[in-house]
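With the sequences and hints as input, model every part of the structure.
Listed in order, the protein sequences are those of chains F and D. With the first letter of the first sequence counted as 1, position 279 gets the number 279 in our numbering; the numbers rise by one all the way through. Every number in our numbering is 429 more than the matching position in the second sequence, counting from 1.
Hints are computed from structural coordinates only; laboratory data are not their basis. Everything numeric in this text was worked out from a predicted model, so none of it was measured. Any given hint might turn out to be false.
As the list claims (entries may be wrong) - Under 8 Å between C-beta atoms, here's a sample of chain D residues computed to sit facing chain F:
no.: 1; residue: A527
no.: 2; residue: F582
no.: 3; residue: C607
no.: 4; residue: V647
no.: 5; residue: S650
no.: 6; residue: A658
no.: 7; residue: E677
no.: 8; residue: D750
no.: 9; residue: A751
no.: 10; residue: D754
no.: 11; residue: G755
What the hints assert, rightly or not - Sample of chain F residues with no beta-carbon within 12 Å of chain D, all distances over it, derived:
no.: 12; residue: S39
no.: 13; residue: V70
no.: 14; residue: L72
no.: 15; residue: L97
no.: 16; residue: H123
no.: 17; residue: I220
no.: 18; residue: A233
no.: 19; residue: Y327
no.: 20; residue: A333
no.: 21; residue: A379
no.: 22; residue: I414
Beta carbons: idealized from backbone N, C-alpha and C, even for Gly.
2 protein chains.
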Amino acid sequence: MTLAQAENYRILREADLRDYLAGRPKLTAVLGGVPGDWSITEVGDGNINLVFIVKGARGGVAVKQALPYVRLVGESWPLPLSRAHYEYLALTRQAQLAPGLVPAVLHHNDALALTVMELLEPHIIMRKGLIAGTQYSRFVDDITTFMAQTLFFTSDLALTAAEKKEGIAAFAGNHALCKITEDLIFTDPYRIAEQNRWTAPWLDATAASFREDFDLHVAISRLKLKFMASPEALIHGDLHTGSIMVTESETKVIDPEFAFYGPVGFDVGAVIANLLMAYLASSGHERSPGDRAAFEAWVLETIEGVWNEFARKFLGLWRSDAKGDGYPVSLFAGEAGAARLDTERQAHMARLFQDTVGFAAAKTIRRILGLAHNLDFEAIADEKLRAICEARSLRLARRMMVEASSFATIDAVIKAAREVRGWQPDFAR
Amino acid sequence: MTLAQAENYRILREADLRDYLAGRPKLTAVLGGVPGDWSITEVGDGNINLVFIVKGARGGVAVKQALPYVRLVGESWPLPLSRAHYEYLALTRQAQLAPGLVPAVLHHNDALALTVMELLEPHIIMRKGLIAGTQYSRFVDDITTFMAQTLFFTSDLALTAAEKKEGIAAFAGNHALCKITEDLIFTDPYRIAEQNRWTAPWLDATAASFREDFDLHVAISRLKLKFMASPEALIHGDLHTGSIMVTESETKVIDPEFAFYGPVGFDVGAVIANLLMAYLASSGHERSPGDRAAFEAWVLETIEGVWNEFARKFLGLWRSDAKGDGYPVSLFAGEAGAARLDTERQAHMARLFQDTVGFAAAKTIRRILGLAHNLDFEAIADEKLRAICEARSLRLARRMMVEASSFATIDAVIKAAREVRGWQPDFAR
Chain F
1 MTLAQAENYR ILREADLRDY LAGRPKLTAV LGGVPGDWSI TEVGDGNINL
51 VFIVKGARGG VAVKQALPYV RLVGESWPLP LSRAHYEYLA LTRQAQLAPG
101 LVPAVLHHND ALALTVMELL EPHIIMRKGL IAGTQYSRFV DDITTFMAQT
151 LFFTSDLALT AAEKKEGIAA FAGNHALCKI TEDLIFTDPY RIAEQNRWTA
201 PWLDATAASF REDFDLHVAI SRLKLKFMAS PEALIHGDLH TGSIMVTESE
251 TKVIDPEFAF YGPVGFDVGA VIANLLMAYL ASSGHERSPG DRAAFEAWVL
301 ETIEGVWNEF ARKFLGLWRS DAKGDGYPVS LFAGEAGAAR LDTERQAHMA
351 RLFQDTVGFA AAKTIRRILG LAHNLDFEAI ADEKLRAICE ARSLRLARRM
401 MVEASSFATI DAVIKAAREV RGWQPDFAR
Chain D
430 MTLAQAENYR ILREADLRDY LAGRPKLTAV LGGVPGDWSI TEVGDGNINL
480 VFIVKGARGG VAVKQALPYV RLVGESWPLP LSRAHYEYLA LTRQAQLAPG
530 LVPAVLHHND ALALTVMELL EPHIIMRKGL IAGTQYSRFV DDITTFMAQT
580 LFFTSDLALT AAEKKEGIAA FAGNHALCKI TEDLIFTDPY RIAEQNRWTA
630 PWLDATAASF REDFDLHVAI SRLKLKFMAS PEALIHGDLH TGSIMVTESE
680 TKVIDPEFAF YGPVGFDVGA VIANLLMAYL ASSGHERSPG DRAAFEAWVL
730 ETIEGVWNEF ARKFLGLWRS DAKGDGYPVS LFAGEAGAAR LDTERQAHMA
780 RLFQDTVGFA AAKTIRRILG LAHNLDFEAI ADEKLRAICE ARSLRLARRM
830 MVEASSFATI DAVIKAAREV RGWQPDFAR
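Set out below in structure tokens:
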């Protein structure tokens with residue numbers, strides 16, 4: 001944030017926001033009617049920002065404003081306003097690459113750290129739908145298009161090295177958001193940290209064993225280094241099911257304020273981890289035994305589809321749109337060359353899959369032993385039942401992280417998930 | 430380069446340079462005497478810059494000015510003046526991290542793309558000394574200190590992630606120089622390219638086989654991707670024996686204009702590749718059979734020392750100065766934790782060694798089949814004899830690149846070098 005930004009920043013309250021929007025014809029046209037009649041509701045349920053829904057006679061908008069601190073914690077945990085700038089940069093790039101899969105940006109003000117977007121209605125946060133047991137038939141196709149398009153076209157396979165370096169530099173300033181991930185995902189759950197919490201007393205022993213498990217600590221440290229120093233593509237950086245809004249017929253990816261150039265597997269792993277958690281939390285939401293069996297089967301199919309369709313689309317783009325400096329086609333001339341390059345493409349995808357498995361495990365463990373938990377588990381009121389679901393997830397995640405290479409395909413992950421679904425932790429026996 | 434820079438840039442000729450230096454008291458104090466009496470000699474023997482040596486009554490300075498094009502080729506190959514800025518940035522950082530091992534910068538002018546440095550005298554370019562068969566007893570200690578200090582302290586093991594990202598961004602603009610490496614080292618030698626050349630007709634068949642060797646093309650493409658997207662540390666980027674000036678008692682690393690955040694193994698591999706070429710070129714410089722045996726034994730010892738001492742010093746810094754965000758010490762508490770971390774450090778060094786072997790191979794092949802050759806081979810007047818030395822180097826390099834993992838230690842590389850020293854290509858039989 002420049003000094004000019006700091007001077008011009010102010011937190012917009014309702015009346016202030018009304019005046020601000022009323023002064024912008026593009027927005028008044030969307031809202032319609034008289035500004036005094038607009039309804040303005042603060043709805044931010046995330047941890048760090050203000051979010052307003054504004055509705056007028058004609059339509060509505062969503063307004064997101066960054067606060068100079070973490071909302072959940074307060075002013076004692078400052079967080080730079082510049083994250084709104086990076087979110088805007090990422091949103092506009094994603095809109096170009098994956099049209100229709102992110103909310104349209106109507107207005108952005110860097111100094112106010114404020115972005116006005118189309119109102120997504122009647123979309124809901126996907127995580128809430130999953131907790132309710134809703135199946136989303138469009139999801140696999142949409143999320144894999146989003147990931148394949150945004151990750152391929154910002155990689156060395158599609159960009160020149162110069163374009164790639166410019167992209168990396170453009171997002172390098174977003175390091176405070178990266179630091180949150182580095183601490184809360186890659187470090188704190190594996191050591192004593194004030195902010196850690198878990199479902200006590202059931203998970204006390206597992207939490208303690210994770211803090212003393214050096215094989216796990218080596219694995220998470222390798223993943224952390226990969227997160228910090230592998231700018232493979234412009235990643236969303238926080239692609240869990242709380243950053244995805246859905247209806248039966250639409251999928252929208254929101255909130256890319258953690259965006260930077262990082263490892264592809266971090267985004268794909270985030271989606272898979274959150275689906276695995278939805279699967280293993282599902283039994284905690286049963287009203288009668290087995291009443292979510294069809295939903296659970298759909299979740300597993302969806303996980304399979306997320307990897308396989310992502311890989312298929314990413315490979316397809318690599319075959320059709322390889323204009324980048326990586327793997328120059330000129331080195332693989334003729335039929336034999338093309339065949340060899342395609343074998344190498346498969347090997348590259350296999351390496352991305354290994355990363356995906358490891359990052360998925362990291363994203364799971366942090367949700368159960370770290371600061372930020374997710375509603376899939378939190379909404380299970382019976383704490384022992386919740387702990388059973390969480391213990392299963394931790395058991396699967398530990399295997400995925402330490403023995404990532406034993407998971408050669410997504411089917412192996414699904415098989416392991418099914419097995420752990422039937423496993424009972426000691427405290428449940 | 431900003432517009433202001435473009436407007437203020439001019440190529441300094443002798444008289445102009447004299448006036449420029451005369452107007453800077455700090456420099457006139459170094460030179461001493463009357464400006465009119467200073468001797469000014471253009472000595473640039475590199476491919477892309479002007480270099481003047483200026484001597485006065487008291488002392489001398491070296492003046493390096495970037496030209497807006499590649500000197501070797503002319504104005505048809507433009508090259509941004511900003512490289513002088515990055516060279517200056519790198520030189521000053523290296524001077525902090527490895528004091529005494531780079532020339533002292535006395536003056537820098539970004540707009541003129543001009544840097545004035547201490548005159549290194551009686552230092553000579555190390556490559557020339559190696560061709561003459563000179564042994565440098567300080568070299569292993571100095572170059573491994575330079576590499577360990579500059580590469581460790583700019584890595585995630587020593588820096589916070591935020592500092593690291595700032596460093597990456599600061600050098601991201603140097604992409605035109607990276608592009609030269611990407612093209613001339615990682616692409617052109619493996620395909621038909623106008624600028625390629627080799628010792629014909631002797632190496633015609635090998636050059637053709639390298640252009641059709643898809644195992645090699647996969648290996649070089651993986652290395653290229655690593656070069657483009659693995660910002661492990663601030664690397665020199667062109668660390669061959671022509672970028673090192675030596676006396677019996679001093680080593681100075683010069684010319685870091687290719688500096689950027691890249692893979693550690695690229696620098697270490699460059700040193701090892703150029704020593705391997707010095708070793709395999711040596712028989713081409715014999716006046717009588719075996720008269721360079723002691724020199725050749727010293728070169729092999731030096732190669733062994735370069736890796737082993739680099740690894741020892743890098744590991745030592747990691748143990749003593751691990752203030753970075755990578756591999757947090759807090760995850761490896763107690764005696765068992767410390768032991769596990771140290772095992773992982775060794776594993777990390779083993780991965781860096783694999784990279785080093787691969788990059789060393791890449792640096793070798795480009796010097797024999799690509800645009801820029803080196804004097805070790807070029808100075809062998811008998812073309813068939815030169816081709817024999819080059820064919821041995823290519824044979825070794827191909828193995829190192831395609832079978833890098835079969836070289837677990839530097840001793841394995843040295844053994845292979847010894848073996849190939851006794852091998853005769855078909856055309857020599």
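Outcome of the hint check:
1. The criterion of a C-beta within 8 Å of any C-beta in chain F is not met by A527(D), whose closest approach is roughly 22 Å, and the hint is violated.
2. Below 8 Å, beta-carbon pairs count as interface contacts, and F582(D) has none with chain F, the closest being about 15 Å; its hint is therefore violated.
3. Because the smallest distance between the Cβ of C607(D) and any Cβ of chain F comes to about 6 Å, under 8 Å, the interface hint for this residue holds.
4. Here the hint on V647(D) is kept, as its CB sits about 5 Å from the closest CB of chain F, short of 8 Å.
5. Restraint check, S650(D) versus chain F: the minimum CB separation of about 5 Å is within 8 Å; hint holds.
6. Checking A658(D) against chain F: minimum C-beta separation of about 6 Å stays under 8 Å; hint holds.
7. At its closest, the beta carbon of E677(D) sits 39 Å from a beta carbon of chain F; the interface hint therefore is violated under the 8 Å criterion.
8. Hint status for D750(D) relative to chain F: violated, with the closest Cβ pair at about 17 Å, above 8 Å.
9. Checking A751(D) against chain F by beta carbon gives a least distance of about 11 Å; that is not within 8 Å, so the hint is violated.
10. The restraint placing D754(D) at the interface with chain F holds, with a minimum CB-CB distance near 6 Å, inside the 8 Å limit.
11. Among the interface hints, the one on G755(D) holds; its C-beta lies about 5 Å from the nearest C-beta in chain F, closer than the 8 Å criterion.
12. The claim that S39(F) is not at the interface with chain D holds, since no C-beta of that chain comes within 12 Å of its own (minimum 41 Å).
13. Here V70(F) stays apart from chain D, with its beta-carbon at least about 17 Å from theirs, past the 12 Å limit.
14. Every CB of chain D lies more than 12 Å from the CB of L72(F), the least distance being 22 Å, so the non-interface label holds.
15. Once the 12 Å rule is applied to beta carbons, L97(F) is consistent with being away from chain D; the minimum gap is 19 Å.
16. Separation of H123(F) from chain D is adequate, the least Cβ-Cβ distance of about 34 Å exceeding the 12 Å criterion.
17. Residue placement check: I220(F) does not keep its beta carbon more than 12 Å from all beta carbons of chain D (closest about 7 Å).
18. Its beta-carbon lying about 9 Å from the closest one in chain D, A233(F) breaks the requirement of being farther than 12 Å from that chain.
19. For Y327(F), the requirement that its beta carbon stay farther than 12 Å from each beta carbon of chain D is not met, with the minimum near 5 Å.
20. Remark: the non-interface label on A333(F) conflicts with the geometry, its nearest Cβ contact in chain D lying 8 Å away (cut-off 12 Å).
21. No beta-carbon of chain D is positioned within 12 Å of the beta-carbon of A379(F); the least distance is around 31 Å.
22. Listed as a non-interface residue, I414(F) keeps its Cβ farther than 12 Å from every Cβ of chain D; the least gap is roughly 30 Å.
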